[in-house]
Every structure is written in C-alpha cells, then in structure tokens.
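Enquirer: The numbering of the sequence shown is the UniProt record's numbering, which starts it at 1 and goes up by one.
Quick caveat, the hints were computed from the structure, so don't treat them as lab data.
It is possible that part of the hints are untrue.
[Unchecked claim] Quick list of in silico lysine to aspartate or glutamate cross-link-like pairs, DMTMM-like style, CA-CA up to 25 Å:
#: 1; residue 1: K67; residue 2: D91
#: 2; residue 1: K26; residue 2: D129
#: 3; residue 1: K35; residue 2: E21
#: 4; residue 1: K63; residue 2: D77
#: 5; residue 1: K136; residue 2: D24
#: 6; residue 1: K136; residue 2: D125
#: 7; residue 1: K37; residue 2: E96
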Amino acid sequence: MINEAAINLYPNQIPQMKLKEFVDKKIDIYEFCSKNKKPLLITNVYEVFPELAQWSPEFLREKAGNKVIEVNTSKTDVFQEYHQPIKMTLDEYAREISLDTPTSGRRLYMGAQGVNQSFPEIKSDIHFDQMLPSEKLGLKYLWYGPGGNTTGLHYDTMDNFFMQLYGQKRWILSEPDSFLNLYPRSAFSHYPRVTDFNPLRPDFEKFPRARKVKFYDVTINPGNILYAPPYWWHQVISYSTIISVNIWCATSKLKAEWGALQLIPTYIKGILGHSIFPKQY
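With the hints as constraints, model all of the structure from the sequences given.
Expert: Have a look at this one:
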C-alpha cells in the first residue's frame, strides 16, 4: 500500500469526459488531448464500443489459448525492467496466475504484447483506434496479469491512450517538471526513462528531493481510457487480474521537456551503436 501520509498525493484531480461526448460533438480526441497536455480520464467507453465489455480472461483463452507467449518474470511485485522472459501458452499462463503461489516461484506478467504482431486474433475487436488519426497511430499493446503487480515509476515518449477492459488499475502520475526531483537513472544507462524512487515505499533519506513532488492518483475501471501525455511520470498498480490495451500515438512535435533532453544519448546510441557506451542499468 502507498504511504499516503508520506507523499504529496492528490486523488481524483484528473478531469473526466465521456467518450460519447467526443462522438456527439465531433471533437477530435487526439487533438483535444495532445493540445491540453494533461491526463484525461475518458469514461463510458462501452456506451460507444459495447463489444469491448465481453473482454475477460475466458475471452482471451477462447480466442488464443493455444498461442505461445513470452511472459516477464520478477522476484518482487515491481516490474522495473523486462527481462528473464519465459515461454508458455496463454492457457498455461492463465492457470499459473490464478494460483496463490505460481509454480515458477516468481511473479509473472504478460505485458507489452504487440496486438497486430502477436495477437491478430483480437485486433478486429479493438475499434477505438479508428477515432485516432491514422498518420499518428503507433503500436497497440496487450497487457494481462494478476493483481499485485506494479510497474516502476517511469515516463514514455509518446501519447498513450490506455484502455482498461477487465479489472482495476491505479495510476500514480507526476508532471514532467518533476524530472530533477525524481532522480532518473543515468542518460547513458539501458533504462534511462525510469527512477528507483518508489512512491509505494518512499525512501526520502536516499531521495530527499522527492518530498517536493506532487503526485496525482486515479483508479481506472473497465470501460475507462486514461490519456497519459508524453514525459509524464507514472507508476501503475494492478488491483486484481487485469486486461488492458494501450494505443501509442506519435507526438505532434518535439517536446521541450527534461525527458527529451535526457534521451539524446539514447538516440545517439541508436545511430552509432552501443559499444562506445558503458553498460549501466
């Protein structure tokens, strides 16, 4: 649980709009969100896309139960980096995460599975991307995991439309301006977009500046979409077994944010290769 007395936590301050309001008023949802540059909770998604209400673990198993998938593992509840994947069928994975103690002895999470590449069986069931400009569309990812898993605090570089289809997730967010107070890892590391500060278990002796950070707190339920702008820090906690699909969109322009500056070495790495940079994590 979060020590809510220890961090500056502001619940229920993310604005909300019904998806049907965008439809009825012919509002361009991408333009609206990307121009406001603030998180937005989009509700009542099933009112527009009722077919999404059928999503469940049973639905996925019926569609793709025999498919071999890669599952991420962790010795703790925090999935900070994705490593040590193991392979199993979706049916086997569903049985494993239903156990109180997985037979592998580690926590499991099927995260960031490309829908078009890995799960073409379900891509025709996702129609929300038709409301987004085709020239901006990036990958669609499927997330399916047990309750109790959490990501590390990190930021992404693209506009993120995150659909919750089964179970509940809690998002803890902070603005890009919190960058220096959140102690991001080295720009030359393999994972520069993360920090080792954990709002769930804050260590202010090690990270004293984090006391200054304002965190927003929002729970997303089935039938909600959370728009998360690029470079916003976020940590995501699964309350129960969850199924989510997120859709990435290319940002409209280069963001003048600390996060963008931090990633310059990463872009150089991609051009020149990794060998001239030390291995850091």
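Enquirer: Look at each hint and say if it fits the structure.
Expert: Hints, one by one, checked against the model:
1. K67 to D91: 8 Å, holds
2. K26 to D129: 15 Å, holds
3. K35 to E21: Judged against 25 Å, a Cα distance of about 18 Å means the pair holds.
4. K63 to D77: Not OK: K63 and D77 at ~28 Å, beyond 25 Å, violated.
5. K136 to D24: 23 Å, holds
6. K136 to D125: Within the cut-off at roughly 20 Å; holds.
7. K37 to E96: 39 Å, violated
Violated hints for the displayed structure, listed by number in ascending order: 4 and 7.
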